[in-house]
Structures are given as structure tokens and as C-alpha cells.
Amino acid sequence: MADADRKRQEFAQIALPHMDHVYTAALYLTRNKEEAEELLQDTFLRAYRFWHQFALGTNCRAWLMTILHNGFKNRYREQHRDQPTVEFDEDVYDQDSAGGAERPRSNPEEIVLSHHLDDEIEHALRRLPVEFLEVVVLVDVQELTYEEAAAALSCPIGTVRSRLSRGRRMLEESLREYAEERGVVRRGTYALR
Amino acid sequence: MHCAEYRDLVAADVDRALTAEEAALVRTHVAGCPRCARVRADAEAFKRACRARSWIQPVPADVRQRLLAALDTEARPAGSTGGSGARRRPWTRLLLAGAIAAVLLLMVVPLRFSRTSPAVPAEPFATIVRDFKAVEAQAVALQFRTDSVDEMRRYYAQSGALDFPNTVPNLDPFGYRVEGGSVMQLGTKRSTLTVYRGPQGIILCHRILDPGMQPPPGGETVGMDTFYTVNGITICMHREGDVVCFMAVSLPRDEFIRQWTHATMHAA
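So the sequences go chain by chain: A and B.
Here numbering that gives the first Met the number 0 is used: the first residue of the first sequence is 0, the next is one more, and so on.
Here numbering that gives the first Met the number 0 is used: the first residue of the second sequence is 0, the next is one more, and so on.
It should be emphasised that the hints constitute simulated quantities derived from the structure, not laboratory data.
Please note: incorrect hints may appear among the correct ones.
[Claimed, not checked] Covered stretches of chain B, as calculated for chain A (at least 3 residues, CB under 8 Å):
1. 7 to 13
2. 36 to 45
3. 55 to 66
4. 151 to 161
5. 239 to 245
Every residue, glycine too, gets a C-beta built ideally from N, C-alpha and C.
With the hints as extra help, turn the sequences into a complete structure.
Encoded structure:
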């Protein structure tokens, strides 16, 4: 088989099945459908050009995410830094945590899996500051390991740990507010910690 | 360390992303700290919820077509106008072929052939068949049991016993769920053995690092795969870089290809 044909066949077999995952990550990162489509196309064209650098047998989705994040950083990240995002106050969080020990609470699963909150969950995720959003998307949505996420973002594993932990808590906090507003859980019953 | 400092580690422990020493440290703290125990309980619940939720959004058909067209342009040889030159299969067809090939690759699907295979060497096939029978008879205690591909992959990554990158294919779309796995030996090589279970029984996947291994005689090579039948077990040898994968299933080859091609066509 000619090299070009082999490359096409390998790419179709190994890389293209991840198209939906790459598109989903691009949507969350750019928060914009047109930009997500551009980023998707840019990612796969680069992946095809540099296919010889992919090590067969390793995680192709993680490799594609590395390309995606490089493209995102080069083209979009700065402009998305200024978008309104949720804030997270560690002190408030700690007070809630201390006081919440005696309160009844509902399980986060009730909220994350509530079909009444589909739009809010998407919205809450997209409102995360980009540095937290990146790791939440890679680990919780794309199911990459911490090592793969760290490689994709070119950062230490410790940074992945701390951003993921904080990003998840921010997400939970947003969802709790939505859930209380929508009456999915009673106000005050969802103490995060 | 204070509780606040443990928080990041608690979340990482839930994700099985800590070293054994770090995990022991965190678990000791959590056992004596109700507040951090709640942090852990919530983190576990959140992780379960995230895994249960379907996040992935399909690429719209028009976007997909534009991407495949752009790839066609990218793949066209320099100087080619794409008109009357050598004809290439379109990506859409390659994708379908790729989906089927992926199943072949992952699931031991030989193309149809009925002639009797010549004799195959004893190893590694005898070991693979023995492992297959033992797992089938539930006579093997897997080192790690999980129904999560992600957790299985993390277990291998954290075992520290492997000298090669390991992947764990997700066979959920085809009705086979991971059941667990072990780090063990296949001949002189350290290997992973991953077990899947589905409506037609089990699938075993052994993976070893062996850059120089050639397909043993007695098999039938189809594309990148070589297929063997040993004691009624169908075994596929597939190379992924330096890693060799042996997948074993008890279905007859013809039956297997019929089922999996059908499943793949409906999944495509």
C-alpha cells in the first residue's frame, strides 16, 4: 500500500472517529458555534499534516486535544479571557463548608443528572474561566487522564489537579444556584461541602 | 497540611490520579476529618454524575462534509487538480471502512476464509487460550475490577509495572463492557490482560511491548491483522507501533464477522 493511502486509511480509522469529541471540546472552549467549527477543521487539518508524529497505540483523542488546545491558545484564548465568568470565593466556600455540616443536603448527582437543568449545566460549564474550563472539559467531558490533560495543556500535573478541583467546585456552585432558582432542590439544602 | 490543601488531592484521589503514597496520606486524613469526608463524598457523586451524563455533541452534517472536503484537498498530491488524476476513495467511504476496521482491530474480526489454517506455534497462543478458558470459567481473580474503561486505563497507568503506553478500547457501543484486568506475563513479556463481557461471552485482550515480533506462522493476514484459530478460540494479532495486541473471542470467525459488521453498519 502506498504511504499516502496508508496515511489516509490510518487517519480515517484512528483519528476521524474522535470528531464529535473534538467538536464538543471546541464548542465549550470557544463558546461559539462558528469558531468551534473553524477550530475543529483547523485541528484535523493539522493532525493530518503531522500524522507522522502520532505514536500508534497511544491515545489519539489526547493527541488531538493537544492540537486543539494549541490552536485555541493561538487563535482564541486571549479574546475569551474577557468574557463574563463565574467567580469563586474560597472564603465563602469555606464558611459554607463549615456551616453546612449540620444541614441536610441533596446529592450533586440529582442536579447534574437533572433533565430540567440541561441548559443550565451547559451554561454553567461555559461560564467557567477558561483556565478551569479547559481541565474540566479534558478530564470530565473527554475522560483524559491527568497526565494526558497536563500534556495537552503543557502544564504540570499539579496545575491540572488544582484547576480541576476548583473548576468542579465552581461548576457545582453555579448549578446549586440554578437548581435552587428552578426549584429542583429546596433553597439551602444543597450544601456543597 | 490543612484541609484546604487536601481538597485538590481528595478530588485527584477520587479520580485515581495519585501515587500510592499520596493516596494513603489523603485517605488517612479523610478517615479522621468529617469535613473532608464530605468533600470526598461530593466529589465521588459529582464524578459519577459526569460519567453518567452524555456531554458529547455530534458534528452537524454540513460541518462534517466541509471538514472531509478540506481533508480531501489536504490529502491531494501536490500539483494535482483533483480532476482526472488517480482516484482515491472519499473520506466518507474510508470512515465507514475505518469504523469497520476499528472493530476488526479491536474485536478480532477476520475476513471470511474457510480453509484450514496450518499449524501454529504453541506460544503465545497456548497461554492466551489457557487465560481465556480460565477467565471464562471464572477461575481467575482479576487484579482490578471495574466497568469503566477510563478507570481500567488509569489502573494500568498507575501500576508502575508497564514499560509501554497502554490503551483500553471502549467496546460499549458494541455491547461489550469492560469487566477488569490484570498486569501479568505473556511468555517473557510483561503484559496487560483486559476482560470484556457481552451477550456472546467474553473478549480477552493481551497487550505486550515487542517491537520486533513478527506474526507467527499459521495465521491468515488481512490488512494489518493476522488471525489464528486455536482450540476453537479466534485470536487476532494486531500491531500498534511497538505494542502487539492479541484479542481472543470464542465466536467462530464467520459468525463473528457477520455480527460485528452488522453492528458496525448500524452504528455508522
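Taking the hints in turn, this is what the structure says about them:
Interface restraint, the segment 7 to 13 of chain B with chain A: holds (5 residues with C-beta to C-beta distance below 8 Å; minimum three). For a cut-off of 8 Å, the count of residues in the segment 36 to 45 of chain B with a CB near a CB of chain A stands at 6, and the three-residue condition holds. With 8 residues carrying a beta carbon less than 8 Å from a beta carbon of chain A, the segment 55 to 66 of chain B meets the three-residue requirement, and the given coverage holds. Given a C-beta distance limit of less than 8 Å, the hint that chain A covers the segment 151 to 161 of chain B holds, as 3 residues qualify and 3 suffice.
With 4 residues having a beta carbon nearer than 8 Å to a beta carbon of chain A, the segment 239 to 245 of chain B meets the requirement of three or more and the stated coverage holds.
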